[in-house]
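**Q** Sequence:
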Amino acid sequence: MAPRVDFTEQRLSVLLDGLLALQDTPPVVSPALNLVLYGAAVPLDPPEDDPDADPAFRQLVMANDKRGSLYDKVGAFACSDDGKTWACIASEDVHWVIVNHEKKAQLGAGRPFVSPDGSGVAYTQTVREEGSTYPKTRVVIGDQPGPVFQNVEHAGYSARGVFAYAAFDAGQFGVIVGGEPIGPYGDVAELKWSPDGGRLAYIVGDPGKIERSVVVDAKRGAAFLDVRDVVFSPDSVRLAYVASEKEGERFVVDGKPGRLFSRCLKGTFSGDGRIFIGRVGIDQKWAVAVDDRPGAVYDEVGPPVFSHDAKTVAYAARRGERGYAVVGSTESEACDFVYRIAVGEKAGVAYALLHGKAATLVHNGKTLYQGGPRPNHLVISPDGACLAYSESRDGQVRIVVDGRPGEFHASVDHLQFAPDGRTVVYMAHDGDQPYVVVGTKRHGPYVPMAGPVFSDDGKQLAVVVQIGREVWRKILPVA
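Numbering-wise (my numbering), the sequence shown opens with residue 416 and increments by one.
No lab work stands behind these hints, which were simulated from the structure alone.
A quick note: this is a predicted structure, and the numbers were derived from the prediction, not measured.
Treat the hints with caution; some may be incorrect.
Unchecked claim - No farther apart than 27 Å at their CA atoms in a straight line, the calculated lysine-lysine pairs in the DSS-like style are these:
| id | residue 1 | residue 2 |
| --- | --- | --- |
| 1 | 634 | 624 |
| 2 | 607 | 671 |
| 3 | 761 | 681 |
| 4 | 634 | 607 |
| 5 | 700 | 726 |
| 6 | 607 | 624 |
| 7 | 481 | 499 |
| 8 | 519 | 481 |
| 9 | 518 | 488 |
| 10 | 624 | 681 |
| 11 | 519 | 488 |
| 12 | 781 | 726 |
| 13 | 551 | 519 |
| 14 | 671 | 726 |
| 15 | 761 | 781 |
| 16 | 661 | 700 |
Make a model of the complete structure from these sequences and hints.
**A** This is how it looks when you write it as structure tokens:
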């Protein structure tokens, strides 16, 4: 569940005079848009015996307006969804894990993790055992250190606050879930949580054997020559992966092997979880398969895009030197290259075809223009009725919404529709000044750091921005 955002404006942080925001350490904003974590450099006074020396700096953590202690370096910020718990690395002679400004433990070469629900903090920690030449790694969950291993590979926290990782030591692999070991195995790979955090899947093999299988819900599936590309459905109910055999590859969905193809590329589920879509090789050709039913074969096919229920599936394809946009089983006119494809969440499709350097733009089967500029940005409303795209002229770019052009900017980015499906939202630059544009209105200048997040009724959006030396959560109306 997405964290609740407070749709009131708030100044989150002020960088005091004399401090310098770190440019090479990315800040982190909580999903609730109520916490900003960033590093700041503090210039030190020059030595008394060399007043003209270049200034030295130390660093500190800023958590909103609260400043931390001085260290040589800070970074690797992480926080809970609600912004109430955060962690980072701070370095002096050693690396420390810092939790809410409190120094917790030495990390070595480890890193911290914060559960999305804020219920826990974990970190990997390198330690050197007495008599050992090489350091080992352990996972500390809360204040409880786990056993040491030669290597660990984390799945991290689930959405429900359970930490899982794979470990290797003494020639064996194991999986540790919430501190409880599972195994041993000869190999472990692709450890991942389901979106809801209730299921854990991973690939395992046995010592001395090449076959591998998938474990989900602690149950091991059938063995194949190889398995890879494990994926959950968005609702976490279904699971699929690619299985390899001597004769070829197949998708295994919900534990049931599908038909054999020459090759299978990683597939994905539709938004409602009912349909599985993937690219498959048929002899030396390629096709897009919907629930294991391949469409027409081509020399190449691009990644498919589709509506929430996958009733509309579109992709780029090539046959010889010619390209085609394929919607369902219908090909577009031939072109040199399929430049963009967009599919609405509920309905509708748009695509841009290149003929030389000029583009043809098609929306729901209607040609909007031929021989026009390339639409570097192309989005379609959820119902498919409204189309927005970029149009470049003389080094400037503007957004056109249903044929109505907006004002020109030096650049635009992150184009999307608001929930009403008619109002566009995007980031724009005019010279060196950044703005947030909602509909036709510019807001700023300020530097967006996170968002936008829309209110439940879709009438407002929240965005975290930097305005000079201040960081604000701004609330903007959606026209």
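**Q** Are any of the numbered hints broken by this structure? If so, which, sorted upward?
**A** Of the numbered hints given earlier, the structure breaks none, since each of them holds.
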